[in-house]
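**Q** This is what each chain is made of:
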Amino acid sequence: MPAPIRLRELIRTIRTARTQAEEREMIQKECAAIRSSFREEDNTYRCRNVAKLLYMHMLGYPAHFGQLECLKLIASQKFTDKRIGYLGAMLLLDERQDVHLLMTNCIKNDLNHSTQYVQGLALCTLGCMGSSEMCRDLAGEVEKLLKTSNSYLRKKAALCAVHVIRKVPELMEMFLPATKNLLSEKNHGVLHTSVVLLTEMCERSPDMLAHFRKLVPQLVRILKNLIMSGYSPEHDVSGISDPFLQVRILRLLRILGKSDDDSSEAMNDILAQVATNTETSKNVGNAILYETVLTIMDIKSESGLRVLAINILGRFLLNNDKNIRYVALTSLLKTVQTDHNAVQRHRSTIVDCLKDLDVSIKRRAMELSFALVNGNNIRGMMKELLYFLDSCDPEFKADCASGVFLAAEKYAPSKRWHIDTIMRVLTTAGSYVRDDSVPNLIQLITNSVEMHAYTVQRLYKALLDDISQQPLVQVASWCIGEYGDLLVSGQCEEEEPIQVTEDEVLDVLEGLLVSNLSTPVTRGYALTAIMKLSTRFSSVNRIKKVVSIYGSSIDVELQQRAVEYNALFKKYDHMRPALLERMPIMEKTATNGPTEIVQTNGETEPSVVESKHPPPVTQPTNQVTLISQSFNYLLLLTLCLGIPPMTAYNKNGLKIDFTFERANPNPNIAVITIHASNSTEADMTDFVFQAAVPKTFQLQLLSPSSNVVPALNQGTVTQVIRVLNPQKQQLRMRIKLTYTLKGSAVQDLAEVNNFPPQSWQ
Amino acid sequence: MRFMLLFSRQGKLRLQKWYTATAERDKKKMVRELMQIVLARKPKMCSFLEWRDLKIVYKRYASLYFCCAIEEQDNELITLEVIHRFVELLDKYFGSVCELDIIFNFEKAYFILDEFLMGGEIQDTSKKSVLKAIEQADLLQEEDESPRSVLEEMGLA
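Respectively, the protein sequence lines represent chains P and W.
Residue numbering for the first sequence follows the numbering used here, starting at 232 and increasing by one per position.
Residue numbering for the second sequence follows the numbering used here, starting at 35 and increasing by one per position.
Please note that a few of the clues may not be correct.
To be verified - Using 35 Å as the maximum straight-line C-alpha spacing, the simulated DSBU-like pairs for lysine-lysine come out as follows:
| # | chain 1 | residue 1 | chain 2 | residue 2 |
| --- | --- | --- | --- | --- |
| 1 | P | K489 | W | K93 |
| 2 | W | K126 | P | K553 |
| 3 | W | K93 | P | K398 |
| 4 | P | K565 | W | K142 |
| 5 | W | K78 | P | K614 |
| 6 | P | K455 | P | K417 |
| 7 | P | K339 | W | K62 |
| 8 | P | K411 | W | K161 |
| 9 | P | K309 | W | K161 |
| 10 | P | K378 | P | K455 |
| 11 | W | K51 | P | K513 |
| 12 | P | K513 | W | K93 |
| 13 | P | K260 | W | K142 |
| 14 | W | K51 | P | K309 |
| 15 | W | K46 | P | K593 |
Just so you know, the hints here were simulated from the structure itself, not pulled from any lab data.
Based on the provided sequences and hints, a complete structural model is requested.
**A** Structure follows, in structure tokens:
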């Protein structure tokens, strides 16, 4: 068999392949050759073959059949073999393979080899990819090497120990004695790796941290020497002496000084010195400054030092190098909460970064800008941020819009300014605005009573321009539905009132209904708005026509609304004004309140009762409180159905009303809805309503809307009872109520005998 | 440092060093994803980006991208220096290094990297020291390859 081709030869050959297929063919051919060579157990060429395999592996081809060969190479006496063998092990083997463990013995032997470079290979392999078992087995050897006087081995042993500790933290203790003199070394390699080892130990164990605090003076001294010493060619980088070691020491100091006054004080001077004396013309100097700033901000430094740190970051912001600007913004973002005033001083520079070309810088500048907004700078900042919103990439728009809304809510100097700002966001980034901002905005607008005319006018004008941005369209529809009368009567004080007729307004709203750009939700808003205008405009006939057309819409939601609004025109016209009147000021509910009253009815067929809620049904439960506040629900029900409601129970602040429905085909079933309300000062929790009927009846109790009856009549708990009364006997019921009020449990029984005859006849 | 990648502008991987145990399949996926992201970056953009829970530091030297993934608490600016130091080592070793050197001598590039970094951390901050170690190891390798000639030289074969 001819000698296997050399590595370089193979590489050259493979690179001549013009297609993927050609390359694959060459690789397959070579792999076959290598496999047979392996089978022959040829020692001479094993190394060459494995090297070739590693090359092919890097190209993305499978090389697992070479794993055992790597082990054989590692076991060989030749240095060349070991070198490639260990490299192969690091590339082809990992913890998941059992083969991996077979290395342990070889590594153990090599850790004790007479040649330091072999020892080095073993330490490197163990330190890069040793599994927990291997680390456990070999920790002792590593510890031994950590104490050697050979600095070449000592530095490697230190990093190997770091890996061992990461894999098997319990072994940390055993390395403690060996750390004793690590920092007295002169060799920078050993110093650097020792600092890394100490850092790892301190990060993982509070005991170690406490133990090593005593090293602070020594670390300070080493750092000082590095700064003060003259030019050292071996460790110099652009005029700075061993920046890598400086950075690592600063990082260790950070960990040691955190939450410890004494240590922090001991390092105060050196930090100030590094901060002021480090050359900043090149990246390497800035890297050290950056680490220094991080340390100053994290330990208990005196305020002067902190201001110095923030000023360094401020200078970074002006640096031409965008990498420096990037780290400055990141660091400022971390400190803006704790050192707010100091960061404020750099506000204008930060705002300038909004115009940077780099996406990461822009994002950080945006986040930082929002963090810096306060009552004093709101107008100026908002101008910049809105300008940013206009021109930024789509990926930023949603976050920016949310940020603007939040800031405006917190710091708006006037209602008009607030509304204007919202308008600006809706018109420039309207399609990126989050879904939950629509109800929030509606609430804000409703509560800004004096701005209604102005708001509706501006929204109307915006709709004339563009109906593609759904959140804008939804808010605008809602407003026009509510305040259309103000629009038509030209009552705006804030700006020149526009002349618009009822028909024009209805044209716009109808346009939304038919437009392809409108989502189903938007159409719902539009239809409801049109309906509301029936009590505000005089062109009722036109509205009636629109509503009846949509009674046969394919969209189920729209159809349902239209049908119900139609019913409102036909059968319940006397109720229409009351139902559609202006919304009152809303209180913002903090979290999801009691579920919508609508949903608690066991009814599945749409009953007229359910639809009489002017605001859009699809909104989140923010809207519930306004439903219950906006009109007397019981009055409504009475008028709708003809069976008068009754009070079944009224004691100690708990009132339970019954309302009746007969909206189903079986006349023997009475559907009763109980409404529990609580006039006391505290909520009634764990509220349970139970009912029993005489033997001739059958009763079905559906689930209640909630088991908390809110205090002060702020809401009701409803529950549906279905009573089957085939013999048409007089309805009687015994009810049991249990609830907890102000910590004590209350229970009561009562008889209900005053059912109206219509409910059971 | 979690890992370091070297790849060309055409998306060919030239070196990959992983400092945490990762499945082969995941490695391939991460490499593909990262290469795509980094190669899409415009020249004016900064050398740092966030990716998954890591920070990526990359720098382009001629036709090769050097890309390191570091952790949240690591210093990005010094990582740029680490990359630069590695390039300097390669440069000194190969004499004005170019991509072809790394392609044809990838195992040597690995040897240099493994002498410079271990577990993602610097072993020695002295350029001289690292290069000397490589040199000595290379000598050992040569002795391996021609022991016979040495013996012959000494007249003992």
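**Q** Within 35 Å, alpha carbon to alpha carbon, are K339/P and K62/W?
**A** 31 Å, holds
**Q** Are the Cα positions of K455/P and K417/P separated by 35 Å at most?
**A** Status holds; Cα separation ~14 Å.
**Q** Decide if the proposed pair is consistent with the structure: K411/P and K161/W, CA atoms, cutoff 35 Å inclusive.
**A** 27 Å, holds
**Q** Could you grab the alpha-carbon distance between K93/W and K398/P and see if it respects the 35 Å cut-off?
**A** Distance ~31 Å between K93/W and K398/P Cα, so the pair holds.
**Q** Taking only the CA atoms, is the gap from K309/P to K161/W under or equal to 35 Å?
**A** Status holds; Cα separation ~27 Å.
**Q** Would you check the hint for K126/W and K553/P, treating anything up to 35 Å between C-alpha atoms as holding?
**A** 29 Å, holds
**Q** Check the hint pairing K78/W with K614/P against an upper bound of 35 Å on the C-alpha distance.
**A** 27 Å, holds
**Q** Is the hinted pair K489/P and K93/W satisfied, with a Cα-Cα distance of at most 35 Å?
**A** 33 Å, holds
**Q** Is K51/W close enough to K309/P, meaning Cα to Cα at most 35 Å?
**A** 25 Å, holds
**Q** Check whether the Cα positions of K513/P and K93/W lie no farther apart than 35 Å.
**A** 16 Å, holds
**Q** Verify the proposed pairing of K378/P with K455/P, using a straight-line Cα cut of 35 Å.
**A** Holds: K378/P and K455/P sit about 26 Å apart, inside 35 Å.
**Q** Need the status of pair K260/P, K142/W: alpha-carbon distance at most 35 Å?
**A** 25 Å, holds
Hint 4 alone, counting from the list given before, is not met by this structure.
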